[in-house]
Amino acid sequence: MTPTHNLALFDLDNTLLAGDSDHEWPRFLIRRGLLDEAHFARQNDHFYAQYQAGTLDIQEFLAFQLAPLARFSRAELDALHAEYLEQHIRPIIPARARELLAAHQAAGDVVMIITATNRFITGPIARELGVEHLIAVELEEGADGRFTGRPTGIPSFQHGKIQRLEAWLAERGETLGSYPKSFFYSDSRNDLPLLERVTDPVAVDPDPTLRAIAEARGWPVISLRG
Numbered sequence: 052m053t054p055t056h057n058l059a060l061f062d063l064d065n066t067l068l069a070g071d072s073d074h075e076w077p078r079f080l081i082r083r084g085l086l087d088e089a090h091f092a093r094q095n096d097h098f099y100a101q102y103q104a105g106t107l108d109i110q111e112f113l114a115f116q117l118a119p120l121a122r123f124s125r126a127e128l129d130a131l132h133a134e135y136l137e138q139h140i141r142p143i144i145p146a147r148a149r150e151l152l153a154a155h156q157a158a159g160d161v162v163m164i165i166t167a168t169n170r171f172i173t174g175p176i177a178r179e180l181g182v183e184h185l186i187a188v189e190l191e192e193g194a195d196g197r198f199t200g201r202p203t204g205i206p207s208f209q210h211g212k213i214q215r216l217e218a219w220l221a222e223r224g225e226t227l228g229s230y231p232k233s234f235f236y237s238d239s240r241n242d243l244p245l246l247e248r249v250t251d252p253v254a255v256d257p258d259p260t261l262r263a264i265a266e267a268r269g270w271p272v273i274s275l276r277g
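First residue of the sequence shown: 52, per my numbering; consecutive thereafter.
In short, the hints are calculated from the structure, not lab data.
By construction, the Cβ of each residue, glycine as well, lies at the ideal position given by its N, Cα and C atoms.
Any given hint could be a false lead.
Simulated restraints, written as ranges between beta carbons of each label pair [claimed, not checked]:
id: 1; residue 1: A114; residue 2: G196; range: 40 to 50 Å
id: 2; residue 1: R149; residue 2: E222; range: 22 to 32 Å
id: 3; residue 1: R223; residue 2: Q94; range: 30 to 40 Å
id: 4; residue 1: H97; residue 2: R125; range: 21 to 31 Å
id: 5; residue 1: E247; residue 2: A218; range: 16 to 26 Å
id: 6; residue 1: R122; residue 2: G269; range: 41 to 51 Å
I would like the entire structure built from these sequences, with the hints used as guidance.
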């Protein structure tokens with residue numbers, strides 16, 4: 052059966068959040084004295100600059116970003132995440148982001164967050180935002196249930212977002228074309244592949260490259276901040 056409702060896809064970092072959850076997590080661990088500040092802050096900033104420039108090597112970044120997760124038990128990580136969510140994430144959730152999500156949900160749309168950040172970090176954030184569906188980087192687990200510090204499957208980054216979304220839709224017996232309208236809200240040039248696939252791309256507080264492209268193509272440019 053063809054859906055009568057729409058599909059609303061949202062990037063997370065610098066879109067629904069006025070900041071980057073992947074950037075904030077190491078900062079939180081450094082503040083707690085759990086990571087070496089000199090090394091991780093420098094490397095974190097290095098990769099973040101690559102991401103903004105559209106030159107990020109996702110596998111190299113994930114090897115760096117996920118390694119600290121292997122140091123802790125799942126119970127320890129859950130306790131740390133609760134603290135991180137309260138201190139670093141809730142303060143950067145704009146009211147307008149919650150309102151936009153609520154508007155799509157009230158319209159009966161299928162709402163999803165699709166992000167290049169890993170599921171450990173983003174799962175609780177999606178729940179905080181009241182979003183049921185999430186595509187994120189998946190994490191490998193060892194026999195004891197601890198994270199190994201390695202990703203698994205296709206990273207949901209650039210064209211990988213399309214691959215992961217198409218697989219998710221196929222499990223539902225759908226395609227993007229099944230929906231009357233498909234929205235994608237993003238801030239980043241890295242999301243151009245998926246922005247070009249949906250019927251209604253929306254640039255949200257975009258980086259300079261995406262802003263220029265959106266303006267040239269007549270895509271809506273909005274802000275969820277302020």
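Hint check:
1. A114 / G196: 40 to 50 Å: violated (21 Å)
2. R149 / E222: 22 to 32 Å: holds (28 Å)
3. R223 / Q94: 30 to 40 Å: holds (39 Å)
4. H97 / R125: 21 to 31 Å: At roughly 29 Å between Cβ atoms, R125 and H97 fall inside 21 to 31 Å, so the hint holds.
5. E247 / A218: 16 to 26 Å: Given about 19 Å between the Cβ atoms, the range holds.
6. R122 / G269: 41 to 51 Å: Holds: the Cβ-Cβ distance is about 48 Å, inside 41 to 51 Å.
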